[in-house]
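Asker: Protein chains in written order, with UniProt numbering: chain A, 1 to 143; chain B, 1 to 973.
Just so you know, the hints here were simulated from the structure itself, not pulled from any lab data.
Just some of the chain B residues that point at chain A, by a computed CB distance under 8 angstroms:
hint: 1; residue: I21
hint: 2; residue: K172
hint: 3; residue: K273
The C-beta atom is built at its ideal place from N, Cα and C for all residues, glycine as well.
As a plain string of letters, each chain reads:
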Amino acid sequence: MGIRFILMVNKQGQTRLAQYYEYLTLEERRALEGEIVRKCLARTEQQCSFVEHRNYKIVYRRYASLFFLVGVDNDENELAILEFIHLLVETMDRHFGNVCELDIMFHLEKAHFMLEEMVMNGCIIETNKSNILAPIQLMDKAT
Amino acid sequence: MATTASSFMDSLFQRTLDDLIKGLRHNLIGEQLFISKSLEDIRKEIKSTDLQTKSIALEKLTYLSSIHGIDMSWAAFHAVEIMSSSRFSHKKIGYLAASLSFNESTEVLLLITNQLRKDLSSTNEFEVNLALECLSVIATIDLARDLTPELFTLLSSSKVYVRKKAIAVIFKVFEKYQDSVGVCFKRLVENLEGSDGKSMSAAVGVFCELAAKDPRAYLPLAPEFYRILVDCRNNWVLIKVLKIFASLAPLEPRLAKRIVEPICELMRKTGAKSLLFECIRTVVTSLGEYESAVRLAVSKTREFLSDDDSNLKYLGLQALTIMGPKHLWAILENKEVVIKSLSDTDSNVKLAALRLVMTMVSEDNVIEICRVLLNYSLKSDPEFCNEILSSILFTCSRNFYEIIVDFDWYVSLLGEMSRIPNCQKGEEIESQLIDICLRVEDARPELVRVGRDLVIDPALLGNPFLHGILSAAAWVSGEYVEFAKSPFELLEALLQPRTNLLPSSVRSVYIQSSFKVLVFCLHSYLLNNEAHIPSSSPEKLASGVPDTVLGDGFLEASVITAPKSIVESEHDADFSPGASNHGVSVENDGEDVIHGQTSLSVPLEKDYFTRESIIKLLDMSEMALGPLLESHEVEIQERSRNVIGLIELIKQEITGPLVKKETDDMRDEFKALNMIRLICDGFSEELGPVPVTAQERVPVPEGLTLVENLCDLDTIFADMNLLTQSSLILGTLNLGETTGGSLSDLQTKDDLEPATESTSLLSEHRKRHGLYYLPSEKSNSLYNAYPPANDSLLQQNENDHVDDLVKLTEQSLVPKKKPSHAKPRPVVVKLDEGDVPITSRKLESEENLLSGAVRDALLGNEDKSTSAKVPCGKSSSKRIEKGKQSVDVPSESNDNAADKGKADVGKGSSRRSKGRGKERKHKSGVKGGTQREGNGQRENLKSSRTSKHKTHHGAVDSVNVIPQTPVIPDFLL
Chain A
1 MGIRFILMVN KQGQTRLAQY YEYLTLEERR ALEGEIVRKC LARTEQQCSF
51 VEHRNYKIVY RRYASLFFLV GVDNDENELA ILEFIHLLVE TMDRHFGNVC
101 ELDIMFHLEK AHFMLEEMVM NGCIIETNKS NILAPIQLMD KAT
Chain B
1 MATTASSFMD SLFQRTLDDL IKGLRHNLIG EQLFISKSLE DIRKEIKSTD
51 LQTKSIALEK LTYLSSIHGI DMSWAAFHAV EIMSSSRFSH KKIGYLAASL
101 SFNESTEVLL LITNQLRKDL SSTNEFEVNL ALECLSVIAT IDLARDLTPE
151 LFTLLSSSKV YVRKKAIAVI FKVFEKYQDS VGVCFKRLVE NLEGSDGKSM
201 SAAVGVFCEL AAKDPRAYLP LAPEFYRILV DCRNNWVLIK VLKIFASLAP
251 LEPRLAKRIV EPICELMRKT GAKSLLFECI RTVVTSLGEY ESAVRLAVSK
301 TREFLSDDDS NLKYLGLQAL TIMGPKHLWA ILENKEVVIK SLSDTDSNVK
351 LAALRLVMTM VSEDNVIEIC RVLLNYSLKS DPEFCNEILS SILFTCSRNF
401 YEIIVDFDWY VSLLGEMSRI PNCQKGEEIE SQLIDICLRV EDARPELVRV
451 GRDLVIDPAL LGNPFLHGIL SAAAWVSGEY VEFAKSPFEL LEALLQPRTN
501 LLPSSVRSVY IQSSFKVLVF CLHSYLLNNE AHIPSSSPEK LASGVPDTVL
551 GDGFLEASVI TAPKSIVESE HDADFSPGAS NHGVSVENDG EDVIHGQTSL
601 SVPLEKDYFT RESIIKLLDM SEMALGPLLE SHEVEIQERS RNVIGLIELI
651 KQEITGPLVK KETDDMRDEF KALNMIRLIC DGFSEELGPV PVTAQERVPV
701 PEGLTLVENL CDLDTIFADM NLLTQSSLIL GTLNLGETTG GSLSDLQTKD
751 DLEPATESTS LLSEHRKRHG LYYLPSEKSN SLYNAYPPAN DSLLQQNEND
801 HVDDLVKLTE QSLVPKKKPS HAKPRPVVVK LDEGDVPITS RKLESEENLL
851 SGAVRDALLG NEDKSTSAKV PCGKSSSKRI EKGKQSVDVP SESNDNAADK
901 GKADVGKGSS RRSKGRGKER KHKSGVKGGT QREGNGQREN LKSSRTSKHK
951 THHGAVDSVN VIPQTPVIPD FLL
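For reference, chain A alone in the conformation it holds in the complex:
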């Protein structure tokens, strides 16, 4: 499976985007998000970006007020996931121009599409920013 879920959470702990690659009920999701927020948001910048949680790892990174948290299997490469997060942020940056929390809130659908271009069934399938954004730009033109 590789990636199990991707969360974007602001520093107040509010979820801004949640994409799960395995099915969890709403209650399970809420519980999971709560636990993760409690575990990760309290950590300082100097502390490492990997947190063990239940039977998997969370790799996270903070950009301004937004935390990007990715839950992965234990044998996943942590540094690669960090790079993935960075790539995601750069891609969003390119599309929205200096992306911020509000962009993601108001364009949740687009954020999901970007993720869909990058990750499928928990596997990273596209890492080229232009390729990721091409379909979205097409759609934008069409409407």
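Once you have looked at the hints, place chain B on chain A.
Answerer: What follows is chain B alone, placed relative to chain A:
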């Protein structure tokens, strides 16, 4: 007309998603209220016939569901409707809603098969994309089966955009519907071989997941992976390929040999830390025998460790942890960093360092390391402190305390841990104390000493985390009171007023222990008298000698307990009847205890168990326990009643008027002695660990039908109201909690005691409903219901004893060269069955369905392609022959194959015998043929080396990598 008008109004005044989000942000009326208002609107709008209105409603609902956790399962049908819209902007909203909210139990899934099929075959690649994305999330068995043909087509689509996504989805489909493997596997492999980087990368991702589950099935593809490893420049792909090799390499030594160099090359050259780390991980997990590679990996790891970035440091520690057991030198080289990391600011780094330290622990350094760690635990925050404690506890108890030689040390370490202020590991320490007590006879004196120290400290009683430990300590010191230096002091500790802070379950253990101590004191006292009144018998004198020992301890103790009595007994020798003998060696000391201890019946302390002190003892117990007779807790009430009952009986016997004739006195004491002796015998039965499987050894009596469903238990509990509320529940629950040992034993004791009303009721109940006790309790049912089984078990224990000792010394002495210990390691009683959890042997042999399917697919492909490519050349036809041979080989030589499915008998087992190495193969019947074959291919290997990597075609590499394996299917050639 009215409806169309209203829907028009709806769409005119409908809030868009943006409006919704803005409303949420401004939050004028409170979030919850706003959401529920919006939901009302959405419910109305979503019923609209206008697709635009409907899809906006769904869009809003999807937003609320994914961000605010609002249930949207009720809108599933609407989502399906919108999915089927012909307009892309609607369709995508429908698909997003479906993939975010549908799951296997969503009923409308049955309706979307056709829609998905239609979109999967659409000419618009973005529509295909939507369907694929949705399928990757919601695929069910049915969907996977029905849509396999469409996916098969997409796997060779000319549009890369679609193809790579189809590849990613196929893994999900494989998981759900194994038969799809037969159809699609070949195309998946083609994508791996293909020149297109995107599809290849997606395919590698899929194989990485597949290989993690059952690597063996993918060995034949090793040449392809090797090609990618050497040629590919994309770090994402390389990381995945390395993961695949990490699982393949251990299966095939020649493959390992082949990939070492390229991986080292990557390690040296790459600038990407992620790739570097993956290389390190691959080397240390799967290529451990290649010294130079490991050295390189370790030096790279050192760079990680010395980096300021805490991420790298953490990963460096992780890498060392993986190396740990095999390459201790690597850890030792970095010892300093590791120990420093224990006090890092980041708790995760600390934790990683702790784990690493624990992997270093061995028999020789366990004392030293535990000392260091314990010091750290005192300094660190509560959370980490407990992490340290639990890892010490875990490591030391692993495999029956394998690494512990000096149990006295370990037991006192446990005592020390209990006193650490932040200690919350009471439960674990409790069970280990009891476990060691039962298993390691030689540790008991020290255990009793540690137990005494714990029980006697009034400060510990206030800490609820320690109650478990105290319960164990009380039990130990009661059960093995004969090792106690001062039973008096112990009794006083057990009855101290602060015990009212204990929960009732623990308190009843205290009371029971004090009962044992009391009985022990009385027994010693009375026996003493008996021994010395007819004082001429020299034998008894002799047997009395070693036990004077306890004198020292008692001296200290009696200063606290009964200072008066000691003074009296010292000076006023005549007071005690036993004192006439006090010439007998008081000089003996401590060491003798160990010899004298084993039999309880040996008299103890003549000079100190005086009538005066015994009476004091009785008074004290009576005072402490008296109030408990009114306790509402049945366990406490009952047990204290037992003690008080005994005290009353004994008091009549020994006290009486002080000015009594000696002869009368003696006769009375004789009576008392007999009584006490009976009780004492009850207590002196040896306790041992009981295997989990013990229950199974009890033959089911004829005519007894075991009920599988225990639901009628409720009615039984209902009609035994009184009992259930108190003793029964207490009894059973506690037994479960305290890991067998402590309370169950007490329970046994209870049965042996002069039964009070409730105990007899309890045993009555047990007799009637004994069978209900079987499943939940591991050990105690034995004691209670089936004494014969217990007996036979004990005997067997004794027999095992010697064997175990032999085994144990073999195990612990042979593999490690260790300095000769001053003390030999004491025996640790192990039970052959039951104690050891059943190993996962079964699981191993059980084949994963998916990989079975893959194997079939590979086999099928091989057949197909060989039939197509037979005229390809000598070597390939030879190989086919050889493949056939090896199919025959295992059926003769390999009995493991017996239980495997027909289809993969040949494949799987030949591979298995392969993995075991060459010797095996030479022994087997087809020796000549295979050897010749092997030689031929080795030549082949040499010649092909000269033209290394010139072609991208699989053939050369496949020969290079695993020249001898018949396993490589010919379609790779």
